[in-house]
Amino acid sequence: MMEKTYQPGQIESQWYNYWEQQGFFKPNQANTNEQSNSFCIMIPPPNVTGSLHMGHGFNNAIMDALTRYHRMKGDNTLWQPGTDHAGIATQMVVERQLAQEGISRHDLGRDKFLEKVWEWKEQSGGTITRQIRRLGSSVDWSRERFTMDEGLSNAVKEAFVRLHEDGLIYRGKRLVNWDPKLHTAISDLEVENVDEKGNLWHFRYPLADGASTADGANYLVVATTRPETMLGDTAVAVHPEDERYQNLIGKFVILPVVNRRIPVVADDYVDREFGTGCVKITPAHDFNDYEVGKRHQLPLVNIFDRDAAVLAQAQVFNIDGTVNNDLDTTLPEKFAGLDRFEARKLIIEDFDSQGMLEKVDPHALKVPRGDRSGVIIEPWLTDQWYVKASAMAKPCIDVVEEGHIQFVPKQYENMYFAWMRDLQDWCISRQLWWGHRIPAWYDEQGNFYVGRDEAEVRAKHDLGDITLRQDDDVLDTWFSSALWTFSTLGWPEETPELKTFHPTNVLVTGFDIIFFWVARMIMMTTHFIKNEDGTPQVPFKYVYVHGLVRDSEGQKMSKSKGNVLDPLDIVDGIELEHLVQKRTTGLMQPKMAEQIKKKTYAEFPEGIASYGTDALRFTMCSLASTGRDIKFDMGRVEGFRNFCNKIWNAARYVLMNTEGQDVGLENTDVELSLADRWIISRLQHAEAEVARHMDQFRFDLASQAIYEFIWNEYCDWYLELSKPVLWDDNASDELKRGTRRTLVRVLETALRLAHPIMPFITEEIWQKVKGLAGKSGDTIMLQPYPVPEESKADEEAVQSIEWLKSVMLAVRNIRGEMDIAPGKPLPILLAHGSDKDRQELAKQETVLVKLARLESVRFLQDGEEPPASATQLAGQLEVLVPMAGLIDKAAELARLQKEIDKLTKEQQRLNGKLSNEKFVAKAPAEVVEKEKSKLKEAADALSKLQEQIARIEAL
RNA sequence: AGGACCGUAGCUCAGUUGGUUAGAGCGCCACGUUGACAUCGUGGAGGUCACCAGUUCGAAUCUGGUCGGUCCUACCA
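Residue numbers (the working numbering): 11 to 965.
Don't read these hints as lab results, they were simulated from the structure. Treat the hints with caution; some may be incorrect.
As the list claims (entries may be wrong) - Calculated pairs, DSS-like style, for lysine-lysine (alpha carbon to alpha carbon, straight line, at most 27 Å):
#, residue 1, residue 2
1, K785, K815
2, K899, K923
3, K369, K355
4, K36, K551
5, K780, K14
6, K834, K802
7, K912, K944
8, K944, K846
9, K36, K131
10, K344, K355
11, K853, K915
12, K815, K778
13, K551, K420
14, K860, K656
15, K420, K404
16, K641, K569
17, K566, K608
18, K398, K304
19, K912, K940
20, K942, K83
21, K928, K946
Work the whole structure out from these sequences, hints included.
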C-alpha cells in the first residue's frame, strides 16, 4: 500500500544505489543497438575538494535530463564525470590549514606539501561526488576522471610538448599580472577590475638643460594614480600633436627623487584631454607603458620584488628582455623593502615637501584585483610560458561560423567571436606547487629543453649526463581543463571511446566561463583532434549556456553575503538554527553574522522543508529559460513538490482501481470510451511537445508540457471521467476493461515522459505499475522514450470531451457564482443547441449527469417557454439552471451584465476592425473570415444574454 | 567608450515566423472533505505588455529613440 503523501527521502537513495550497482549508467544499455547514435556529455569538472552549490544543482538537472532523455531514446549514451584539481583554490585551502598550525608551505618543502594536498584531496574529494549522486545524476562512475590522474597528466604533457614543437608555446620575459600575495602570475581572465576611489596626483618633473614650456615653466606636470611607480619611470610622453609641448619633444626631464634623465617622447597613446596631457612612462609596471616603451625603445626599470615591495637595486632590462647595463640601478635607500603603498606615501611626501606636488584630485578608477587573493595585481616583469593563442584563433572562429558548434542561446556567439578576434597570448605558467609541472628542463647555463620526460630530453638533445633541473612552475589549471573532452577519452591514444563519443554532443555551462574554458577547449581540440577528412574536430556540437542562480532578491549567492543555499538542504530540508549556523561559520567578516542571522530568520522562519530531489530538479528545469539569470524561488519548489504528490496520488488512484483487476492483458476484448480515446490522443500531443522542447533545449517548456498534461488533463479530467465508468454497475466489462487499461497505460507512459526530469518518483511508481501496463524491465531508465503515434490522434474524441468540458464549466460557473453547493443536484436545460450538441448529449449524458452532479438534463422543446433560469453559454449552446429557490435575482442580473459588458466590448472591437476597409482589403481572407465569425458569435451570444436579462428583469 | 540582455498580473516567469478575449505557477478572495490527493477541489478578482515615435490593414511581438535594471569587454596615466 502506498503512503498517502509522497515521501521522497525514503525512496531516492535506494533507487540511486540500485541503478549504480546494476551498471545502468554505462553506455550501451539494453535499449541501444548497432545503429544507435552516440550521445555524450562531459561534466564540467567541479573542484575536487569543493562542495555542491546551486549552480551545480542547476547544471546537473539539465545534464541529467538530457542524458536520461537520450539514453531512453536508445542512443548510446555516456555522461562522464570527473573533478578538477583547481590549482590555486586547492593550494590556498591547504595553505590556510597549515597556517593554523603556524607553518607555511615553504617550511614543509615542495614534496611534503604536495603530500598534504593529496591527503586533503583524498579526505574531502568524495564530498562533491557523493552530492552529485544525491541529485540523481546518471553519470558513469566507472569512467570518473581527475585532472591529475596519470592518463590526464600524460595528455597534458603531450599537448604541451606538441604545442611547443609547433611553435605555439614559447617562453618569454614579459609583463604579467603578478599576484604579490600568492606569488604567482595569473592570466588576464583571473583579474577582476573593480571600481574604486583613488586620487590623481599631479607632480612636477623639472625640465633638463634649461628648457622651458610654452608658458615659461621650467617643469612638466604629470598626473598619476600610482606615484610609487615613478621610481621606474623611463620617459614622459605627450601627444605628438599637442601644441603645448611641441618644443619639448625629444628634450629631457629630470626624474625627481631618483635624479634620472629621461626623455620626453611623443606617442598618440596619450589623451590630450586627460590630466595635464603629460604621462609618466613606466614600462616595467604598466601594460600601456610597456607598449609605449616598445615603440620608443625605452629601458624597463623593475623596482619591485615578488611581494611588490621596493628593491634595493632596480633591475634594468632592454625592451627585448636582455639585461641593460647602461642605466644606474640605484634606488634611494629609504625606499628599500618598503611595501608599494608605504612607498607611495613617502613619494608623495617627498614631492610635497619640495613644492613639487601641484595638486591632488579625487579620481575614480578600476583597480585590478586577483580573483582569488583579492589583492591588487602588479604588472611585473618575469619569465613565463605562453600559448600563442592568436595563432590558433582562426579555426576556432571557423567552426562556430560554419555551425559545427552552436551556442544556445545564439547571442553568446557574438561574445565569443569578439574575444577570439582579439585574442591575447595566454600565460600558462603558475608559480604554484599544486598542478601539472611544466615539462621543461634547464641546464646550468639556463638553456631549456622541452620533452615528455627527462630521459627524452637528454636523448633528443644529446645532453649526456649534464645536470638538468625541471622547471619549478606548474600549468594554469585551465590548460588541463582545455583538454577535458578528449583527454578523458584516452587521448593521445586512439581509443574506441574517442572514436565513439568525440565530438561530444552538448556542453552545459555558465556564461562566466566561456572564455576560461569553452574557448580554450575549442582551441585545443581544433588543434589536436582531426576528423577523418583532416578538418579540425570540435569538442562538442552544442554549448548550452545558462545564467547564474541568484537568491530570491536577485542577489548573487555568496558566502560573504550569507545568502547561499545548498541544493541538498532543499532536497533533505534543514532546521532554521542549523541553516543559520551553516551560513555564519567560516565568514571572512564575522561581524556580518548577526545580520545574516536576521535575514535568514526572516526568509526561512520555519527552516527549509524537505522537498526531494525530483521537486528540485523539476524546479531547475522549469526555471531554465533562454540563458538568463535565475532568481531562485522557493515557492516554485513547493509547487513542484506538490506536483510530485499529485502524481503520487494519481498513481494511488490508478492502483486502487486496477490492481488485482482485469486490465485487458489477457482478455484484449476492450471498448474505449470517448474519455479513453481523448486522453490517449492528448498524450500523443504531450509527447510531441515534450520531445520538441527537449530537442531545442527548452527545459522550461518541456517541464511545463509535462506538468500540464499530468495535472490539467490526466488528473483534473481523465481521472474524474474514469470514475463514472468504473463505478457504474451497468457499464460493460469491455468498457471497464478499456478504462482500466487506459488508466494504467497512460500513467505508465507519462512516467516515462517525465523520467528524465524526475527520475526517482517515476521509477518508484513505474515499478508498481509496469506489470499492469504489460511492461517488463528492470528499470524505467532503460525503457524507450515515448514516441507519439499519429494513428492515436482522435479528433472526434477530442471534440466530444471539449464539448463535455464546456458544458461542465458552464454549470460550475453558475454554481460558483451563485453560491450553489457543489453537491446539490441540479436540473438543467439546454437551449439553442445544434444537431452536434444533441448528438454529444446523447453520447455523454450519463457522464455529464454524474460529473456535473445533475438531477437531470434535457433540451428545451421547440416553442417551450424556458423557466426563469441562470444562464451560461457554452459556445452556441445555452445552459440553463432554473432559478426556483436556488438563485438570487439580483446576483444573476449582475452576473449576466458582466458577461454582456465583456461581449459588448469584444463586439465593438470586432466591428471597428471589420468596418475598416483597409483591413478587409489587405488582411488575408482567412483572417478576415475568422474575425467575421467571431463577430457573429459575439452578436449571437449577446442577443441570447440580453433576452435572458429581459426575462429575469420581468420576474 | 563598445556590446549583449532584460522591463508582461502583487511575486517568479512563458508568450516560436506580427493576426489570443495576453497565459502559467505562487499569492489573494469566496465556497467546498462521502470513496487518489487540503502538498486538494471549484469558482473569482487582478495587466494601457516601461515610455514615445515609426513601419503595417493589424504590434507584447518589427524599427528608431527615451527612461530604468543587469551583465560582459576595453580603457581611463
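Each hint tested on the structure:
no.	hint	in the structure
1	K785 <-> K815	violated (32 Å)
2	K899 <-> K923	violated (36 Å)
3	K369 <-> K355	holds (15 Å)
4	K36 <-> K551	holds (22 Å)
5	K780 <-> K14	holds (20 Å)
6	K834 <-> K802	violated (38 Å)
7	K912 <-> K944	holds (14 Å)
8	K944 <-> K846	holds (19 Å)
9	K36 <-> K131	holds (26 Å)
10	K344 <-> K355	holds (12 Å)
11	K853 <-> K915	violated (36 Å)
12	K815 <-> K778	violated (31 Å)
13	K551 <-> K420	holds (13 Å)
14	K860 <-> K656	holds (23 Å)
15	K420 <-> K404	holds (20 Å)
16	K641 <-> K569	holds (17 Å)
17	K566 <-> K608	holds (18 Å)
18	K398 <-> K304	holds (19 Å)
19	K912 <-> K940	holds (19 Å)
20	K942 <-> K83	violated (46 Å)
21	K928 <-> K946	holds (20 Å)
This entry does not satisfy hints 1, 2, 6, 11, 12, 20, going by the numbered hints stated previously.
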